[in-house]
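Colleague: Okay, here's what each chain looks like letter by letter:
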Amino acid sequence: MPYNQRQQGDFTVIELNGEVDLSCSPDARQQILGAIEAGQNVLIEMSGVTYIDSSGIASLVEGYQAARKKTLEFGLVAVSSSAMSVLSLARLDKVFPIHESVEARLAANE
Amino acid sequence: MSAALNQRVVELRFPSQADRLCIVRALVKRVAEFVGCDAALAEQLVIAVNEACMNIIQHAYGDDSPGEIVLEIFNNADTIRFRLQDFAAPVDLNKIKPRELGEVRPGGLGTHFISEIMDECKMGHLEGNRGNYLEMSKRII
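Chains S and W supply the protein sequences, listed in that same order.
Heads up, the first sequence is in my numbering, so the first residue is 1 and it goes up one at a time.
Heads up, the second sequence is in my numbering, so the first residue is 111 and it goes up one at a time.
Honestly, the hints are just simulated from the structure, not real lab data.
Don't take each hint at face value.
[Claimed, not checked] With a straight-line cut-off of 30 Å between C-alpha atoms, the simulated DSS-like cross-links for lysine-lysine are:
hint	chain 1	residue 1	chain 2	residue 2
1	W	Lys232	W	Lys139
2	W	Lys248	S	Lys94
3	W	Lys232	W	Lys248
4	S	Lys94	S	Lys69
5	W	Lys205	W	Lys248
6	S	Lys70	S	Lys94
7	W	Lys207	W	Lys139
8	W	Lys248	W	Lys207
9	W	Lys207	S	Lys94
10	W	Lys205	W	Lys232
11	W	Lys205	S	Lys94
12	S	Lys94	W	Lys139
[Stated by the list, open to error] Covered stretches of chain S, going by a simulated chain W footprint (3 or more residues, C-beta under 8 Å):
hint	stretch
13	20–27
14	51–58
15	61–69
16	90–97
[As the list claims (entries may be wrong)] With the Cβ distance kept under 10 Å, some of the chain S side facing chain W (calculated, not the full set):
hint	residue
17	Ser82
18	Ser85
19	Val86
Where a beta carbon is used, it is the ideal one built from N, C-alpha and C, also for glycine.
Okay, chain W solo, but in the shape it has when bound (with noise of 0.2 Å):
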């Protein structure tokens, strides 16, 4: 991820709970339109941030112990990047991959679209194990 983006267009801090997933994909739809995506890249990025935000929701905090999830969304003249953040125990990243697609199942599909739409994507651990992090990037133009 290069260093010079670094222009946050907005924050927003949401706790993991799905009925806030619309809030969550209509303020993306509403910043990629502001730093120039066109509609269908917006389509685009709504569904990359979405299933993200349901990972989190799902896997990283589940059911029983729900948290804080913070999104924030930067920009340069030719690339978004979006970064959110949890406090739920540190995830297993050897265990977050797309699956192969060849084998019809449900479940499984959300980090296949990340990988797919994004250009980068870099998972971590929070400093201190607090949390975890995702920074995802698409070039705009």
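One chain only, chain S, in its complex shape (with noise of 0.2 Å):
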């Protein structure tokens, strides 16, 4: 797998690093994607983006689409501000669920 993954609470988390561009989010796409068809929550980590185009933050719009459709939990988590500049760019920083961080995601359960 190109980015960390792990398994944290009920959540699959996946780091997403670095610039998340056209020559790796296909990459990215399959990674979640693929844990959405494993049935998983899922949580991406972005604290280490410092870069994301359309084509990064469509492979997040897939991810949450899958995730709704199953009727499972896809979130961002720890949004880096260049990532966040584009996610607001895009009108979709109310759409997707932001959390501070995966211990914050997880505690709201408790």
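Join the two chains, each given in its own frame, into one complex according to the hints.
Modeller: Rendered as structure tokens:
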């Protein structure tokens, strides 16, 4: 898998990092959709994302939609300022569930 | 576009490959800072130019017929201008427009990003239908 992935609580956490652009967003898409296809709730950890383009954003949207179809949870975690500015530009900052940290999302269930 | 915008800062020719986009972004960021853009504006310009190059790679050339892309960056005292050229088949200019964002779906965001960030955009076909160009300009002060 191109990106680190771990199990934490009821979630599969996928850590996107670096520049998520057209050269690697197909890998991110495949990994995200693979986890959802496997029936897992997914959190995308984005603190290490230094750049994301519209193809990377499209991978997140596809993950969000696929999770909704399967009534699974999909959310973003610790979104970097660079990634947040692109999400805002796409008007998606109010669409995706965004959490401060994985721990904060897990604590919401307690 | 003003005829006074004729001071070319740099020209880059590169193949229409996704793995070259990181080079384009680094160049645009450095040139934007060089001509006086602050960090936030430089970041926005990087987004717009990257998306424009992506559109050429994905839609003008496509996967099966890669080609060359030319990026030129010009500036004057208050404006930075980007000119992109490709040598693919002429695109249907009527099909290129920003989409409504009310519907959450993947794809179609790049043109929206460009129109949100840039002050002016102009697309057309190169003379003799040899390809396509896109000019984008932004006031920097």
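Colleague: Each hint should be assessed against the structure and marked as holding or not.
Modeller: Now for the hints, and whether the structure bears them out:
For a cut-off of 30 Å, the pair hint linking Lys232 of chain W to Lys139 of chain W stands: about 22 Å separates their Cα positions. With a CA separation close to 27 Å, the supplied pair Lys248 of chain W and Lys94 of chain S stays within the 30 Å bound. For the suggested pair Lys232 of chain W and Lys248 of chain W, the alpha carbons sit about 12 Å apart, so the restraint of at most 30 Å is met. A distance of roughly 19 Å separates the Cα atoms of Lys94 of chain S and Lys69 of chain S; the hinted pair therefore holds under the 30 Å criterion.
Taking the CA atoms of Lys205 of chain W and Lys248 of chain W, the gap is near 24 Å; set against the 30 Å cutoff, the hint holds. A hinted pair counts as satisfied when its Cα atoms are at most 30 Å apart, and Lys70 of chain S with Lys94 of chain S qualifies at roughly 21 Å. Restraint check for Lys207 of chain W and Lys139 of chain W: the C-alpha separation of about 26 Å stays at or below 30 Å, so the hint holds. Pair hint Lys248 of chain W plus Lys207 of chain W holds up; C-alpha atoms about 19 Å apart against a cutoff of 30 Å.
Pair hint Lys207 of chain W plus Lys94 of chain S holds up; C-alpha atoms about 24 Å apart against a cutoff of 30 Å. Between Lys205 of chain W and Lys232 of chain W the CA atoms are separated by roughly 14 Å; this keeps the pair inside 30 Å, and the hint holds. A threshold of 30 Å between alpha carbons decides the hint, and for Lys205 of chain W with Lys94 of chain S the separation of about 28 Å falls inside it, so the pair holds. The suggested pairing of Lys94 of chain S with Lys139 of chain W holds, with an alpha-carbon distance near 28 Å, which does not exceed 30 Å.
For the stretch 20–27 of chain S, the assignment as covered by chain W holds, since 3 residues bring a beta-carbon within under 8 Å of that chain's beta-carbons and 3 suffice. For a cut-off of 8 Å, the count of residues in the stretch 51–58 of chain S with a CB near a CB of chain W stands at 6, and the three-residue condition holds. Given as covered by chain W, the stretch 61–69 of chain S passes the check, having 4 residues with a CB less than 8 Å from a CB of that chain where 3 are the minimum. Counting residues of the stretch 90–97 of chain S whose C-beta lies closer than 8 Å to any C-beta of chain W gives 4; at least three are required, and the coverage claim holds.
A hinted interface residue such as Ser82 of chain S counts as satisfied when its beta carbon comes closer than 10 Å to some beta carbon of chain W; here the least separation is about 7 Å, so the hint holds. With 10 Å as the threshold, the beta carbon of Ser85 of chain S comes within range of chain W, its nearest partner Cβ sitting at about 7 Å, so the hint holds. Annotation: Val86 of chain S was flagged as interfacial toward chain W, and the flag holds, the nearest CB pair being 7 Å apart, inside 10 Å.
Checked against the numbered hints listed earlier, the structure breaks none of them; every hint is satisfied.
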